[in-house]
Structures are given as structure tokens and as C-alpha cells.
Amino acid sequence: MHENLTPKNTILDAKQMARIIRRMAGEVVEMNRDLSDLLLVGIRTRGVPLAEQIASEIERMEGHKVPVGVLDITLYRDDLSTIAAQPQVKGTSLPRPIEGATVLLCDDVLYTGRTVRAALDELIDFGRPRAVKLAVLIDRGHRELPIQADVVGKKVPTSGDEVIEVTFQSTDGIEQVRILERKPPK
Amino acid sequence: MSSLLIHGGRIVDPSQGLDGPGDLLIEDGAVARVGGKIAQPKGAETLDATGLVVTPGLIDVHVHLREPGLEYKETVRTGTQAAAAGGFTAVACMANTVPVNDNRSITEHILLEARRSGFARVYPIGAISKGMLGQELAEIGDMVGAGAVAVSDDGLPVMNAELMRRALLYTQHYGIPVIQHAEDLTLTGKGVMHEGEWSTRLGLTGIPGAAEDVMVARDLILTEDTKGRYHVAHLSTARSLDLVRLGRSRGLRVTCEVAPHHLILTDEEVAKTNFSTHCKMKPPLRSSGDRDALIQGLVDGTVDCIASDHAPHHADEKDVEFDKAPFGILGLETTLSLCLDRFVHGGILSLSRLVELLSTGPARVLGLPGGTLKVGSPADVSVFDLDGEVTIVAAGFRSKSRNTPFDGWTLRGRPVATVLDGRKVAPLPPLP
Amino acid sequence: MTTETIRWTRKDLLGIAELSPAEIGLLLDTAESFSEVGERPIKKVPTLRGKTVINLFFEASTRTRASFEIAEKRLSADNVNFSTSGSALEKGESLIDTALNLQAMAPDLVVIRHGAPGVPHMLARRLQAGVINAGDGAHEHPTQALLDAFTIRRHKGRLAGLRVAIIGDIEHSRVVRSNIHLLNKMGATVVVGGARTLMPAAVEKLGVEVAYTLEDALRGADVVMMLRIQLERQGKMSFPSSKEYFRLFGLTRERLKLAKDDAIVMHPGPMNRGVEIASDVADGADSVILEQVTHGVSVRMAVLYLLSGVTAPEES
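Same order as they appear, the protein sequences are chains S, X and V.
Sequential numbering of the first sequence, starting at 1, is according to the working numbering.
Sequential numbering of the second sequence, starting at 187, is according to the working numbering.
Sequential numbering of the third sequence, starting at 619, is according to the working numbering.
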């Protein structure tokens, strides 16, 4: 997945991840008394399995199926003119109208906040939500925009040359969170 | 008395069946002694030809010098400089100037300019028809009197069969051939490249091979009936070549020339170069089958000579969309190296046969003096390096124009020195 | 999907002939995402904000130019239109001068349509901007072939193994050449059908079957693509009249039965009703002609998007 990176340590294994996500789902239920307006939107790529797992936990707890959408923020990125070639666009699909919905954006890692900014811009192009909240599995700090998560799985302080790697069974074949280190080139 | 001794070279003169080491002594502009070791006479200039080939001066019977009227493309002076730089001591120039060379005055002007410049002999070819309009015969006798060696409306075909018939009859009074740019314009239409797989792929309007073949067939029938002398300019298709063979077998006085680009490139080149207008000329680059047949014609003697169809065009004129560009590419400064590299080093022709195609043959076709180093003949000599490598650099050409598809090609074989009338005219001093 | 590993690296889109099947797949897949943008209430994304696109149309064209314009606006690009009437282009400015003037305006992308083959290639050599060929003479029309393939894929789920009949003035059509390249590369079989006087030399060398009657071309086809016939434009002696053309080659309901039952009917437009295609076929259930137009916008957005990334500076 990443070049020039070596694993430093594993922060969460599959069991720990499942426990945390269960707790996050509980927080979401607590925050939203009325689940009928709720729409979970996973930011591609790994916000999607997170959203799906939170949704299935909510269904287990409350018996209510919360719709899950997928948001591809590629076209809204603010760094398109500085990267080498256009990234692949995989598409957005939302199962219900944004108008009047309470949207819970889900992403695996919250870092600079730029991805969330792009996601907000895109959501609003679809309509006017009642509210938008943010759930992230890992908050690694180093914000470059005034953005915060409402539901956080785990806060992990990191340095600039570290990378948080979140993997899911459905996307990568293994459920874990690791810290990787950028090794200087030889 | 001025003398020049060219020593230490390999003399190749097909007219005398010579091919071997030897010296050449020139006195007062004529060949005095040829072959063997010659002692240097007192006061003689020398030219060291060690490791080089010494041949009769090369002759290009199809060149456009563009003067009068189109001097922004080329002049008699720059064109003959280009000839000398390319190893050519004589060129025959076509009549499609502005105004057309259909009279004595323009023929004389061209000869005067050539003499003044002094870089190569120029043999004017007069127009067949007045103004090259294809209607009435031009004053052929007057032009021959002034020095014209043949007639041609080249650039255009003589479309009118009756006019061609008259020309074939009338020229017999002057012992000159009729040179035809063989092309049926109604079949060419708006064509810009050879009609075939590549014109189809590129979406460009094609010129069918038939446009040339139909005209050659017609003209050979007229040649048979009139018993005239007929020369096919820039022959480009396998079928025209077969027609020439057929004509010869029936005893017709037919000769033909082929240009280097038709022997080396094919219509695919337009695609390979992404629509480079340096691949646009008439007749167009043909199929690989045609090319291979033309090469066979060099080998079996059906082709009498190689002639470049040197057609200079200003860079601005060629730097346009393919459809709009004028037809034509340069040839004087690339012909020798291309032929040495592709045919001699390519194992297709012996050096002697190539020299025949570039000097003896052309001289015979137009009845010119030259093409020989027999004692007493004018001292026009070409000296070249058979093995020396050269990279074609269009920006360094002596020609005013730069329209060649061979820019950047690295070839084995290059001209070294050219002697005209006993004077060294090449290498030329470097350009400012 | 094999497009996972491929990135778009060409500065220009000049034709289909030089593209690999993977590149074509990437273009089509990217177009799918942009198709979704066309279904949103706000049909706009900020992706090309601040980029300038110049539309240089030397040949009159309402639909292709409008399609590009809409695509550019949906990507939030700034666009400028140059067309021939009354401009320097018509006053005989040379192509090179036009190119140099454009370069001085520093556009990010140039979309060009011209009547002479090779013109987009000339511009691409001289401009730093990416050049998109919107049709160069009879040579290529890459975005048309892409939107055709997109439409076919939507209906048939694939391109490989399909039998595609393209019928009409094959000799003068850039649409057919681009389609032949694309469909061959993606594993479809192409049969070109047309009158002998409208068939270019050696066309079978392009890897197609050749049919000289409508019936032979239609038999067993999954896709029937009709091309526009312009007898006036040809000028030459190709066909005596439209009436005679329709009798020999016009697509009617009856003749369409020779194709497969679920065959779709396509046309790059604009149509000559009653010349190459009967009205009831053009408006019928098998016709996807109007969809082609919709997909044209998505495909062009994809092209603009992918090309806009290549002009970026190296020091990122």
C-alpha cells in the first residue's frame, strides 16, 4: 500500500477495533434521539467499511436500519493541481436525499481536515442537510483547518513522518490499525 | 596552364569500365590522364583522395531552381551551391518558374546566372506548352537554340493527348526527349497522399497509383505511333515500371528516372511522422510493394537514372496543415549519402552501378556531355567517402529551403569534394 | 477492474489509434462517475475551477461544441469559444500564428475541431496546453467513439464479443475510423457497410469485415450505427440522389429485423431523416440516439478531468 514505509507498531487488533466501533455506535445512538433522519455517509475508501460497521451495530442495538451512502471526494480535493496525475474517480452514491437529513460523515483517519472540508462542500452540492456530524476511527492530530470530530474511536498522537494505516477485512483482508514509519531514502 | 592532380583514390568510371586505385590528372579543365600512378607536374594543385572514391561528376536531371520568380525558395546560385555540396556537377532544371520558361530569354537568363555563380553546370529544360497551360506548343526550337536540352511541363502533366502527340513529333526535329510528369489530374482530384491503407487510416484524400499508370500507358501508345523520345519523370509505381518494360520490349525510345525518396520511404511515413508535410510530394510516397519494385528496377536496368526532383519550399509554406502544404521536398544535398547508405552498403547495388545511375545514365538520357572521365572530357569530378558517417542537418544546407524528411538521419557515405571544369567548387566555405 | 493500476499520462487526446485498451477502459470508467454528476440537482463540481479551456472550432458544429461547453462548465472551468465566423481564423491567419497566439494566452486545455487531418497534432506539438481532438477532417473523432462505446456498454454490459455494424459514408467519416480502432481494441467485431463508391481503399486492412449491401451489414448485428450521408458535401460522383440512397441503404423497421432482436440503433447526429434512417426507427424503442448525446457530456467531462492532471508541474 505505501512505499518506503516500515511498520512501527500495531495500535489496534481486530478485537479492539470491533469493541471501539461498538462504543462509537452507542455514542451515535445517544447523540441522535430520532434515528429516522440519520444518514451515514462513508468517505471513500476506508470511511465506507467504518460507516457500514457502525450501521450494522446500530441495527443490532436498536433494530433500526440506518441508510449508508458512499462519498467520493476526488473532484472536490484542493490539491488536484499539485499532484502528478489525476486520481481515479470511483463515484458517489447517496441512498436518500440530503435535504433535511442528519448526516454522519465517517472516515477512518482525521488528520489535516482537508478531506472533511471537501466532503462538506460536496454534500452541500446535493442539498441542505439539517446537520452534519463527523465520526472517525482515529484522530491523529495536526489539523490544518478548524475541523473536529463528534465521535472519536481513539486519539493517537503522531509525528510528521509517521503514517496511520487503517485496514478492514472488506477492503484489505485484515482488520487492524498500525503506525508506519517513513524511512529516509538510502 | 592550370593543372589539378587528384591522387590516391579509387576511380570508378562505368563509362570506361574502371573500378580500382588510380590518379586523375586535369589540365585546363579537361581530363588529361586517368588511372595508374601519375607524377605531380610542376605547379599543379593537388587533391588528396586517399581512402576516397573518385567518379565522373554526378548529374541530377530533375531539379527545380525556382528562378525566375520564386527566389524566396531557391535561386540558381543557391541551388547550384546545394548541388556542388551534394557532389553534383550538373543539374537540369525544370520550367515551372514565374514566368514559365517557355522562351529563349528565360532560358538564357538561367544559363547566365549559372555561369556567373559557377558552382555547377545548368541545363535548362524548356516548357512543352506556352505558359505551361497545356494548350499550344511553346517555342521549343528557340529554347533549344538557347541551350535547352529537353522539354517538360513538370509540375503539371500534359493532359491533352493531342498536344502530347504533337510534342513527341515536333521534338524529333531537335533531337530532344519529351519529359512527362505522368499524372491524370482527374484521378488525382484533391488527393494529397497515395491512396491505400494509410490514406484510409489517416482520413486523407488519396491519389491512386492509377493516376500515374493511366498516363504512362497513354503516352507510350503515342510514343509508339510517333516514334518520339519519351522520358518518365519521377516514376513511382510498380505498374508504370512494368509499362516501361513493355514499351522497351516493343522497341520504344522510352527512358525513366526514379527519386531516392520513392526508393526509401513509403506512404506509411506520413503516419509515422504524424502528418509531417516533409512527406508530401508528387507523385506521393507509395506502397512498400511499389518501393520494392522500383528497387528491383534499379537492379535490372529498367530504371535509367536516379534524379532527386529537388523541390525547395519556404518553411512558412510547409508549416501548415497537411492538406494545404505545397508538394515537394529537397534532394540535392541528401541523394548521394542516401544512395550510398541504402543501396551500396545495403548490398543492393554495386558502387559502379550506382555511379552509372547518378552520372552515366543521366548524361545518356538527356544527351549531355559528362558522366565520363575519358581523356579529353570536361573535368567534372565527384570525390566522396564511401564509409564516412554523416548526420543530415537541414539547418546547415546550402539550399535556401529546409524541406526534407531526412533531417537527423545518420548515413554511411558522404560527399567530400566536387570539381567543376577543373576547379574545386566544394567543399564550400562555411555559412556566416 | 484492470484500471486499478493505470493512470492517465498523455498530455493530449488526439485519437483512439494510439490508446491502449487499459486507457480506453479508464476513460469509460471515469465517465461513469461523471455520469452520476449529471443526475445531481446541482450538476457542478469544482474540479477544474480556475482552469481555462479554449474551444477552437474551425468547422461549424452545434452539438459537439455545446457538449464540450456544458462539460467544461460542469467542471467549473472557464471557457472561451473561437469559431470561424468573423474572426481572425476566417481572415486567413495561419494555423501556426493561431497556435502561437493561443499559447500566449496560456490556456490549460484546447479543444479543437478542424477540417484538415493532423491539425490537432500540429497544435499539440506547439502548445503546452493539452489538446483534445474534437474532429480533424476524416481522420479521428475520439470523444465520439468513447461516448458510443459508453452507450453500448450501458446497454450490453460489455464491448468484447459484440458485432457492431457501421453503415454509411465510410470514406469520409472520422466517426467510423475512431470507432473501428476502439471497438477492435476492446474485442468487438466491426463490419463496415456502404456503397462501393463510398468505401475507402484497403479498408479491410483496418481489421474490419466489409459489406456492400445494407442487408449483409445488418445480419446478426448487436449494434447498428448509421452514419450521416451528405451527398452535397461529397460533390463527387458518389451517389446520384438521396432517394436512391434510401432505397439501397436506408435503415427501415423491416430491414432492422435482420439484426439481432435486442440490437440497439445509434447515430452520431445530426440525422438526415428519410435518407440514411427512417423516422420510425430513429424515434423507435431500439434507438439510443438521444442517450448518446447525454453520455457525450459525461465522456467529455472525463476527458477534460484526466487531461487536466497531466499539465501539472513536476515539483509536487
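Treat the hints as calculated values from the structure; they're not laboratory data.
Hints are supplied without guarantee of correctness; some may be wrong.
[Stated by the list, open to error] Here are the computed lysine-lysine pairs in the DSSO-like style, where the Cα-Cα straight-line distance is at most 27 angstroms: (1) S:K8 - S:K155; (2) S:K133 - V:K629; (3) X:K316 - X:K223; (4) V:K803 - X:K458; (5) X:K223 - X:K560; (6) V:K823 - X:K458; (7) S:K90 - V:K823; (8) S:K90 - V:K861; (9) S:K183 - S:K155; (10) S:K65 - S:K154; (11) V:K875 - S:K133; (12) X:K376 - V:K823; (13) V:K629 - X:K458; (14) S:K183 - S:K133; (15) S:K90 - V:K878; (16) V:K774 - V:K878; (17) V:K875 - S:K90; (18) V:K774 - V:K803; (19) X:K504 - V:K875; (20) S:K8 - S:K183; (21) X:K413 - X:K458; (22) V:K861 - V:K875; (23) V:K661 - S:K90; (24) V:K803 - V:K823; (25) V:K803 - V:K878; (26) X:K610 - X:K228; (27) V:K774 - V:K875; (28) X:K560 - X:K510; (29) V:K629 - S:K8.
All values reported here derive from a predicted model rather than from experimental measurement.
Structure-based check of each hint:
A hinted pair counts as satisfied when its Cα atoms are at most 27 angstroms apart, and S:K8 with S:K155 qualifies at roughly 17 angstroms. A hinted pair counts as satisfied when its Cα atoms are at most 27 angstroms apart, and S:K133 with V:K629 does not qualify at roughly 40 angstroms. Taking the CA atoms of X:K316 and X:K223, the gap is about 53 angstroms. The hint is violated against a cut of 27 angstroms. Using a Cα cut-off of 27 angstroms, the hinted pair V:K803 and X:K458 holds, with the two alpha carbons roughly 20 angstroms apart.
Our distance criterion of 27 angstroms between C-alpha atoms is met by X:K223 and X:K560, whose separation comes to about 16 angstroms. A hinted pair counts as satisfied when its Cα atoms are at most 27 angstroms apart, and V:K823 with X:K458 qualifies at roughly 17 angstroms. This hinted pair does not check out: S:K90 and V:K823 have alpha carbons roughly 38 angstroms apart, beyond 27 angstroms. Our distance criterion of 27 angstroms between C-alpha atoms is broken by S:K90 and V:K861, whose separation comes to about 49 angstroms.
Restraint check for S:K183 and S:K155: the C-alpha separation of about 24 angstroms stays at or below 27 angstroms, so the hint holds. Of the pairs offered as hints, the one joining S:K65 and S:K154 holds, with about 25 angstroms between alpha carbons and a cut-off of 27 angstroms not exceeded. For the hint pairing V:K875 with S:K133, the CA-to-CA distance comes to about 57 angstroms; that exceeds 27 angstroms, so the pair is violated. For the hint linking X:K376 to V:K823, the alpha-carbon distance of about 23 angstroms falls within 27 angstroms, and the restraint holds.
As the CA atoms of V:K629 and X:K458 are separated by approximately 19 angstroms, the hinted pair is consistent with the 27 angstroms bound. With a C-alpha separation of about 36 angstroms, the suggested pair S:K183 and S:K133 falls outside the 27 angstroms cut-off, and the hint is violated. Under the criterion of a C-alpha separation no larger than 27 angstroms, the hint pairing S:K90 with V:K878 is inconsistent with the structure, at around 33 angstroms. Taking the CA atoms of V:K774 and V:K878, the gap is near 12 angstroms; set against the 27 angstroms cutoff, the hint holds.
For the given pair, V:K875 sits about 39 angstroms from S:K90 by alpha-carbon distance, which is inconsistent with the 27 angstroms threshold. Our distance criterion of 27 angstroms between C-alpha atoms is met by V:K774 and V:K803, whose separation comes to about 17 angstroms. Distance restraint check for X:K504 and V:K875: the Cα-Cα separation of roughly 52 angstroms exceeds the 27 angstroms cut-off, and the hinted pair is therefore not satisfied. Our distance criterion of 27 angstroms between C-alpha atoms is met by S:K8 and S:K183, whose separation comes to about 11 angstroms.
Straight-line distance between C-alpha atoms of X:K413 and X:K458 comes to about 44 angstroms, which puts the hinted pair past the 27 angstroms bound. Proximity of V:K861 to V:K875 is assessed by CA-CA distance (about 22 angstroms); at most 27 angstroms being required, the pair is judged to hold. For the suggested pair V:K661 and S:K90, the alpha carbons sit about 17 angstroms apart, so the restraint of at most 27 angstroms is met. Among the hinted pairs, V:K803 with V:K823 is consistent with the structure: their alpha-carbon atoms are about 15 angstroms apart, no more than 27 angstroms.
Under the criterion of a C-alpha separation no larger than 27 angstroms, the hint pairing V:K803 with V:K878 is consistent with the structure, at around 23 angstroms. Taken as a hint, the X:K610 and X:K228 pair is honoured in the structure, with Cα atoms around 19 angstroms apart against an allowance of 27 angstroms. Restraint check for V:K774 and V:K875: the C-alpha separation of about 18 angstroms stays at or below 27 angstroms, so the hint holds. With a C-alpha separation of about 48 angstroms, the suggested pairing of X:K560 with X:K510 is violated against the 27 angstroms cut-off.
For the hint linking V:K629 to S:K8, the alpha-carbon distance of about 40 angstroms lies beyond 27 angstroms, and the restraint is violated.
Hint compliance for this structure: hints 2, 3, 7, 8, 11, 14, 15, 17, 19, 21, 28, 29 are not met, and every other hint is.
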